[in-house]
Amino acid sequence: MDDICIVGIGETQPTRVSDKTVDLLVLDAIDAAIEDAGLSRADIDGVVSDGIYGPRAISPQRVAAHLGKADMWTGGRSVGGAAIMSAPALAAEAIRAGRANTVVFYFGMDGGSRKGGPSSNHNRFQAKAYFEKPYGFTGQPIYFAPWARRYFSVFPGGERALATIATSASHNAHLTGRAQRPDLLSEEDYWNGPMIADPLRLRDCCVISDGAGAYILTTSARARNCRKHPVKVLASTLATPPYAGDDVFTQYGDMLSLPGAKEAAREAFAVSGLAPRHISFAEIYDCFTISCLLQLEDLGFCEKGEGADFASEEHIGRNGNLPINTHGGFLAYSYLLGIEHVVEATRQLRGEAGPSQIANAEIGLVSGLSMPDYGVMLLARD
Amino acid sequence: MKTDLATYPDHYAPYFDLLRNEVIAFPRCNECHAFHWYPKPSCPACGSSSLSWIPAPATGHLYSWTVVHRKFDADFGEDPPYVVALIEFKGMPGVRLVSSIRDCAVNHLKINMEVEPFFRITGQGQPLVYFKPATGK
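Chains as they are written, first to last, in my numbering: chain V, 164 to 545; chain X, 3 to 139.
Treat the hints as calculated values from the structure; they're not laboratory data. Source: prediction; values computed, not measured. Certain hints may be false.
[To be verified] Derived DSS-like pairs: lysine-lysine, alpha-carbon spacing no greater than 27 Å straight-line:
| # | chain 1 | residue 1 | chain 2 | residue 2 |
| --- | --- | --- | --- | --- |
| 1 | V | Lys183 | V | Lys278 |
| 2 | X | Lys73 | V | Lys467 |
| 3 | X | Lys92 | X | Lys42 |
| 4 | X | Lys134 | V | Lys391 |
| 5 | X | Lys134 | X | Lys112 |
| 6 | X | Lys73 | V | Lys278 |
| 7 | X | Lys42 | V | Lys296 |
| 8 | V | Lys278 | V | Lys232 |
| 9 | X | Lys73 | V | Lys391 |
| 10 | X | Lys92 | V | Lys467 |
| 11 | V | Lys425 | X | Lys73 |
| 12 | X | Lys42 | X | Lys73 |
| 13 | V | Lys425 | X | Lys134 |
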């Protein structure tokens with residue numbers, strides 16, 4: 164699908180609690196992306212988001228009204244992170260069918276200011292009220308902690324890898340000058356951090372954020388008229404194993420692999436004709452250090468069980484052979500379910516990342532998890 | 003939105019009716035014999051709506067757990083630290099029960115340790131099941 168390019172990106176300043184409502188943050192991000200592309204609002208004739216969060220933050224109709232265009236093509240797909248990676252495939256279908264020329268993807272959320280925090284979203288699952296909440300199984304650290312314990316019991320050394328993932332993210336975030344956790348986390352700081360849900364410590368857990376981001380998709384032919392160097396979308400895939408969403412955190416497989424990750428990656432590599440060894444950097448859905456570690460294996464960068472050795476500074480650090488989360492990821496930059504990962508990957512491929520720019524950014528992998536859905540995007544410098 | 007936990011959707015009712023009588027049971031498909039969890043109106047493996055509720059063995063095994071140190075859910079009555087556990091039962095693949103381990107120091111918890119149930123009914127009439135280390139009785 165290398166006829167589709169990202170031509171504009173926008174994001175709001177990472178913050179825990181914004182003084183703006185999420186709908187206004189989304190409009191800010193969209194306008195920033197339009198400006199970045201050198202386009203005007205009138206050029207946008209398609210709007211796509213995920214199927215739940217985005218439209219709840221602000222309806223596609225309101226976005227269309229903001230853009231002032233009649234007969235806007237709108238679409239929604241999956242939810243959260245998996246949607247952010249797989250929306251380009253949906254937009255590409257609309258563009259190829261002649262329904263739209265230039266499509267904006269938007270995503271915003273109020274994880275920092277929403278009552279009940281990010282996990283309040285899971286109250287929509289009926290089984291949760293009956294089988295989980297009565298035992299205190301509510302809150303993302305609680306969902307992922309049993310996975311970490313399971314991993315540690317099967318593959319010794321995992322604890323060390325989590326520390327490396329956390330300190331590496333902190334280092335990258337520090338360089339951006341914009342991150343929510345701007346401090347430089349030492350390994351000692353990591354181990355001294357308070358337990359949140361044992362074995363997950365404070366810095367195994369991501370930040371929570373209010374904010375929004377957007378990116379603009381069009382054909383490579385139109386991309387040449389835009390202001391910035393286009394970034395090609397080589398693949399945009401979605402995999403959905405048969406889990407209801409309420410059961411996936413406790414019932415999926417052996418809790419050593421994340422649902423859909425392997426399948427979405429396999430398809431992304433198949434359609435692009437690439438392999439993990441061709442990827443020069445990766446922005447991975449690092450809601451927790453443990454989920455990041457599992458994905459390094461599930462995406463094919465190393466074998467299952469080898470993640471603990473792979474997640475060393477010499478591999479995943481910014482000078483390693485696979486720098487990951489070059490902006491600090493959710494662990495240190497912001498937690499907007501991956502829209503900031505797409506924005507960052509685009510910056511890296513354009514050579515626009517400033518102090519956090521890595522060398523030789525040619526092909527980037529961006530991953531999005533929203534259990535049980537999983538999405539993968541492969542992006543390349545045009 | 004608070005859910006009234008004393009009443010259940012139809013396909014949850016057998017679990018809680020049995021649990022009220024101190025029986026832990028899980029749904030198994032009469033056609034393809036696959037277990038599933040949480041309860042669904044029909045078998046997610048083959049689609050059959052012919053299900054039987056099979057009682058669990060007297061003890062289970064601790065698949066994994068966490069000790070929770072922060073308050074996440076204002077509706078949950080207990081203060082941290084508390085243990086959340088996933089329990090598996092022999093002969094019931096595809097089933098992990100979310101519960102808690104009580105009467106056990108957290109540094110004695112071990113993956114795969116044998117645990118036995120004990121039962122409680124909340125003030126709202128909701129049956130609950132907790133686990134403790136198996137006594138071998």
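Which of the stated hints cannot be reconciled with the structure, identified by number in ascending sequence? When the structure is compared with the hints, numbers 2, 4, 8, 9, 11, 12 and 13 turn out to be violated.
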